[in-house]
Structures are given as structure tokens and as C-alpha cells.
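Residue numbers (my numbering), protein chains in the order written: chain A, 1 to 332; chain B, 1 to 332.
Be careful, since some hints might not be right.
DSSO-like cross-link-like pairs, simulated, lysine-lysine; straight-line CA separation at most 30 Å [stated by the list, open to error]:
id, chain 1, residue 1, chain 2, residue 2
1, A, Lys-307, A, Lys-89
2, B, Lys-198, A, Lys-71
3, B, Lys-287, B, Lys-23
4, B, Lys-172, B, Lys-198
5, B, Lys-89, B, Lys-23
6, A, Lys-198, B, Lys-23
Since the hints were derived computationally from the structure, they do not count as laboratory data.
2 protein chains.
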Amino acid sequence: MKIAVDAMGGDNAPKVVVQGAVKASDELGVDIILVGDSKVISVELGDKGERDHIRVHHCGEVVLMDESPFKAVRSKRDSSIRVAFDILKNGEADAVVSAGNSGATMAAAIITLGKVEGVERPALACVIPGDESKVILIDVGGNVDCRPVHILQFGIMANAFATSCLGLQRPKVGILNIGLEAGKGNEQVRLAYDLLQKSPLNFVGNVEGRDIFSGQVDIVVCDGFIGNVALKLSEGLAESVTYRLKESMMGSLTGRALALLGRSLFKRIEETLDYAEYGGAPILGIKGVGIVCHGNSSARAIKNAIKMAVNYVENRVQDRLSGQIAEFQALF
Amino acid sequence: MKIAVDAMGGDNAPKVVVQGAVKASDELGVDIILVGDSKVISVELGDKGERDHIRVHHCGEVVLMDESPFKAVRSKRDSSIRVAFDILKNGEADAVVSAGNSGATMAAAIITLGKVEGVERPALACVIPGDESKVILIDVGGNVDCRPVHILQFGIMANAFATSCLGLQRPKVGILNIGLEAGKGNEQVRLAYDLLQKSPLNFVGNVEGRDIFSGQVDIVVCDGFIGNVALKLSEGLAESVTYRLKESMMGSLTGRALALLGRSLFKRIEETLDYAEYGGAPILGIKGVGIVCHGNSSARAIKNAIKMAVNYVENRVQDRLSGQIAEFQALF
Numbered sequence: 001m002k003i004a005v006d007a008m009g010g011d012n013a014p015k016v017v018v019q020g021a022v023k024a025s026d027e028l029g030v031d032i033i034l035v036g037d038s039k040v041i042s043v044e045l046g047d048k049g050e051r052d053h054i055r056v057h058h059c060g061e062v063v064l065m066d067e068s069p070f071k072a073v074r075s076k077r078d079s080s081i082r083v084a085f086d087i088l089k090n091g092e093a094d095a096v097v098s099a100g101n102s103g104a105t106m107a108a109a110i111i112t113l114g115k116v117e118g119v120e121r122p123a124l125a126c127v128i129p130g131d132e133s134k135v136i137l138i139d140v141g142g143n144v145d146c147r148p149v150h151i152l153q154f155g156i157m158a159n160a161f162a163t164s165c166l167g168l169q170r171p172k173v174g175i176l177n178i179g180l181e182a183g184k185g186n187e188q189v190r191l192a193y194d195l196l197q198k199s200p201l202n203f204v205g206n207v208e209g210r211d212i213f214s215g216q217v218d219i220v221v222c223d224g225f226i227g228n229v230a231l232k233l234s235e236g237l238a239e240s241v242t243y244r245l246k247e248s249m250m251g252s253l254t255g256r257a258l259a260l261l262g263r264s265l266f267k268r269i270e271e272t273l274d275y276a277e278y279g280g281a282p283i284l285g286i287k288g289v290g291i292v293c294h295g296n297s298s299a300r301a302i303k304n305a306i307k308m309a310v311n312y313v314e315n316r317v318q319d320r321l322s323g324q325i326a327e328f329q330a331l332f
Numbered sequence: 001m002k003i004a005v006d007a008m009g010g011d012n013a014p015k016v017v018v019q020g021a022v023k024a025s026d027e028l029g030v031d032i033i034l035v036g037d038s039k040v041i042s043v044e045l046g047d048k049g050e051r052d053h054i055r056v057h058h059c060g061e062v063v064l065m066d067e068s069p070f071k072a073v074r075s076k077r078d079s080s081i082r083v084a085f086d087i088l089k090n091g092e093a094d095a096v097v098s099a100g101n102s103g104a105t106m107a108a109a110i111i112t113l114g115k116v117e118g119v120e121r122p123a124l125a126c127v128i129p130g131d132e133s134k135v136i137l138i139d140v141g142g143n144v145d146c147r148p149v150h151i152l153q154f155g156i157m158a159n160a161f162a163t164s165c166l167g168l169q170r171p172k173v174g175i176l177n178i179g180l181e182a183g184k185g186n187e188q189v190r191l192a193y194d195l196l197q198k199s200p201l202n203f204v205g206n207v208e209g210r211d212i213f214s215g216q217v218d219i220v221v222c223d224g225f226i227g228n229v230a231l232k233l234s235e236g237l238a239e240s241v242t243y244r245l246k247e248s249m250m251g252s253l254t255g256r257a258l259a260l261l262g263r264s265l266f267k268r269i270e271e272t273l274d275y276a277e278y279g280g281a282p283i284l285g286i287k288g289v290g291i292v293c294h295g296n297s298s299a300r301a302i303k304n305a306i307k308m309a310v311n312y313v314e315n316r317v318q319d320r321l322s323g324q325i326a327e328f329q330a331l332f
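The shape of chain A in the complex, shown without the other chains (with noise of 0.2 Å):
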């Protein structure tokens, strides 16, 4: 198996990116292709260097945070996410794992690979640790203005994922609404209530916000911009929470006392918060394996992000997922 990283890609790259390469090797045995500036890969990589599992592909430019995606990814043909995905395409690597600029990663990946047959949209699935279970919301990746048939798709593409990746049987799935009963909502999402429910999936009806955590669905659908939206949200929110605790804490002598007789089990709690912790998010519905890391992520979300795309290959999710879409072409 063999995993082309983006190794310029993210808030802390190359470093972190490198570290959290090179921990996957070790610890899951893959073969990993470091796409980027040889030069500080190479820094990073440190005496040891290219070594049996890790090899260095050099390019030689990059596609910022804040660049337009297509934009960037049309007119950069050798930067490292781009390249990664040239790798890929040529079957020199089963998958492509990146935490730099996710639009570009999925521009990147529809551009190079495709798109599978009858999806009209592929989407970001983010799995979300949610207090008894994970969670699937899809579309995270900024899909605007989605059209009711393209929310059934997510569902339908998430269900393939659910499956064949998180060892579901029939996985759950609720649409994001504003209420619980069928009928609320704007236009957009009761339209996508009715094709859902003439699916075959294992549809459950209107979900809330506060559902997401709750566990009781598997998939949560939703346009791509309010799950950019919520996704963002439940990050902003979580690090506020750590935020107050410690001010909280520091704030009274008790606490001062209490955080430093229960350092270890505070870093417990803080890691149970930290949602850039799930590693990576999927790209369904392209002709290929793309996992997109947070920009922020750290060498061990890395590294669990190199794990999901090694999961993804070995259960063959792009398989399951072109035959459900082709098996439910009569919807659409």
C-alpha cells in the first residue's frame, strides 16, 4: 500500500506532516511518497533521510490557504497537491491524504480523477465523535446551493462509506432540519425529505443541531454550507469550551490546586474535546481515494488520516460506492 502525502499541506507543514508520515510507517507499515520541496522534506526527514517505506517526490510549488481552489489548481500543474494526485491517477499510489486548502484538495481530486459515474457532486463526509458512536455529517466541503438529488446522493455515497469502512449494517440517517417533524424546513431539504425517503437507505427522518451528537443516527446529510457551517461551529465551540475550563480553573486557588494534581486526567479531557483530533475526512464520489485533513492537524491526526485512506483501499469503498449509485440511478 502506498500513500501520497502532501507534505507542504497545512498550518504546520511541512513539519508536522513529515512526523505524522513517518509515525504511519512505522506503526501501520505503509509505503508513503512525501510530495513537495525535497529540500525541506529532506530538512525534516533528518539524517536518516529517504529511507525503505519513505520516499521523496519533488515539486516545486504550493497551493496557499487562501487561494481560489480551481483557480489554483488549474494554473499550479506542479504543486504538491496537484502532484499528489498525478501520483495517484499514474497507479504509482492507492490514495492521496492532504491538511493544506481542502477546496483545492477537492478541486484537485474531481480535476485529476474524475468523478464516479452518475454523482454530481462529490462531497467531504467529516466523522464526528459523537457521545456513544460516530457520526457522519456530509457535505462539509462547501457544496452550496445543493440541489435536493444531490443530498440524497450524499446519503447514498455516506451509506457506501458507513458500511464497507465503519463496519455498519444499516447505517442510520437523518436530514439536518429545524424540527423533528416531517413537513418543517425550507424547500430545499422537504424536497430532499421525499427523495430520501423513497430510497432504499435506511432513512430516519428530520434531525436537529443538537442531534449531531447524540448518536442516534449514523449519517447526518445536509448542503454542503451549513455543514461547513456547523463543522466549523462545533470546533469554535469545543476550543471555547477547553478555553473557559482552564480560565475557570486558573481562575480560583481550588482550581490551580486541582489542575495540578490532575494534569494527566485534564489532557484526557482536553483530547476528548479536540475534534481535529478524528483525522481525516473522505472525499466521495471521485474516481479515487482523497482523505482531507484539518489545516491545524497535528502529526497524530496525520497519521490517523493515513490510517482511514489505508481502510478505505483495503475495503474497496470506492467499489461499493460507484455500485449503489449506479444501483439507485432510477432516483435521480
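For chain A, the structure is supplied; the task is to place chain B on it using the hints.
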């Protein structure tokens, strides 16, 4: 000052609502009219029954939490929420406070009092406790399929509320979007962005989900669909975090010991996270004062909502709001 309180509205009504109203009367010196079934309210009022500042106004119906708002308010003319607004309309009260069906409360306000001249859609403004300062999120009331001009009006109304009620001089207004750069987002948001930029509001551009809590802006405007999802998501996540904190602490011996030692501290942390405690959300754009409370409100939350109602009336928010809507008319 007289506040009509919907004694039958909310998950813990009438008990907790009556408790909160009595507390508010004692502490703030306001007159309270408890609207609802006089028999059950009397039981809650106990031996002292009605007193100088607390009166009961009997009515025989209740709008339930899952009823269709406009239909229920139109058909149940003797429901507590409808009657509370009738009392306000007749000049016997200065404001209405309800923890009942929030859609029905908005519907009753619109049907009974009518909209402020020029306002197309009254909206619910939620005051969220941010890290540094309070943030107003508007609309959280479920105004779905908003046109860009509605979002502009939400900004103007929240501006009037923030300057008169929260003491802000020139509140910074941001629009909820999936990226910070101009031109991001769906069509609705891009057009609303242009309108806001042309307005005399202190518009600072796009904000992302994470910025709701960061205190970078004072007012966040958005479609009522996304605002409602965002609010419920925040509540759900705050609950989930509290739950995990407890689990995490109770799961270890050190944690259990710490929890015992720091019980009061822990309680303070929980309160900081308790988004149900901000009191109430004003309905902006109606001809009168209506405050919506969380269905799960505690007595303290009800008291805080009554305090907000008093604040709203005393600061003549509605006059300022009407004035600003009239002033900006050329933009609509």
C-alpha cells in the same frame, strides 16, 4: 412595569415558570401577570396565592410544543400564549415572556401585535455568551428561505437592540459564511453581503462558524434555517461536553477524588457551559415586546428573561428599531 408571563409554556411549566416569575417580582420589583389555568397556577403559588405584585389571568387552552405554530395560535384563541399577547395588545402589560413553543410565540406576536412598518420578517435574536463578550445570533427563529433583504433587516434590527439594550456603541456585524473572503458562499449570502456593505451598519464581512464564540463580531446575521440549526447544535455540543467531562472525571480514581474536592468549581464550570441560562431571546420587528425562553428554562432563566423584557421596554428598543428601519428604507 407589568410583564405577562405564559405560565403554561415550557417543559417545566407551570412550576418552574411560576418560581422564576415570583423571583423576578421579588428581586426586580416588577408586576407579573401569570397567564394560564388558574387552578394549577394557584397550587404553584402556594398559601400566599395572588399578592400585591402577582396576579393570575385565567385561560383554558395551551399550545403544545409540537403543534403547528400559526394553525395552533389561530385556532386556540384561549391559549395562554395568545391571551398573553392579547393582554399586551390591550395595554394591560408592557411585555410578554414565554418558554412555550417558540414558533407559536412568534406567530402569536405577529398575529396579535403585527409587524413594525417596513419589517418583512420579524426574527428571533439570541444572545450567546461568547469568550470575551456577548454575541447576538439572528435569526434563530426559523425564518427559512430568507431573501437577502431579510438578512439585511435582521442586521438593522439587531443593531437597534444591541445599541439600546446591550450598551454597544457601534456593534460589528458579520454574516455567517463558509469562508472569510468576499465572494464566498451561496447566492443568498453573496447578495446579502452586498446589501450589508452598502448599509450604514458597521459591517465587517464574512464570519465562519467558529467566530460565533470568538467575540470578533457583536452581531452574526444568517438565514433562520442555519441560525436555528447552529443554536441547537451549540446547545447539543455544550451538553455533550458536560456529559463527557463527567464521564471522564468519574472514570478514574483521581478524577473522582478531584470531583469531590472541587464540587463547587465543577458546578461553576457547568454553569458557564449552560447555554440555556442566557435568559431569553427577543422577537425583533413586532409592534411590542415579546421574549422567547428556552423550553427547558430553569427558574433562573425565566427570571433573566423577565429582566431582559424590562430592559427592552425601559430602553425603548422598539422605537429605535422602527426608526432605523424607516431610516434605511431606501435599501430595501
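Each hint tested on the structure:
no.: 1; hint: A:Lys-307 - A:Lys-89; in the structure: 20 Å, holds
no.: 2; hint: B:Lys-198 - A:Lys-71; in the structure: 29 Å, holds
no.: 3; hint: B:Lys-287 - B:Lys-23; in the structure: 27 Å, holds
no.: 4; hint: B:Lys-172 - B:Lys-198; in the structure: 15 Å, holds
no.: 5; hint: B:Lys-89 - B:Lys-23; in the structure: 25 Å, holds
no.: 6; hint: A:Lys-198 - B:Lys-23; in the structure: 52 Å, violated
Violated hints amount to a single one, hint 6; each of the other numbered hints is respected by the structure.
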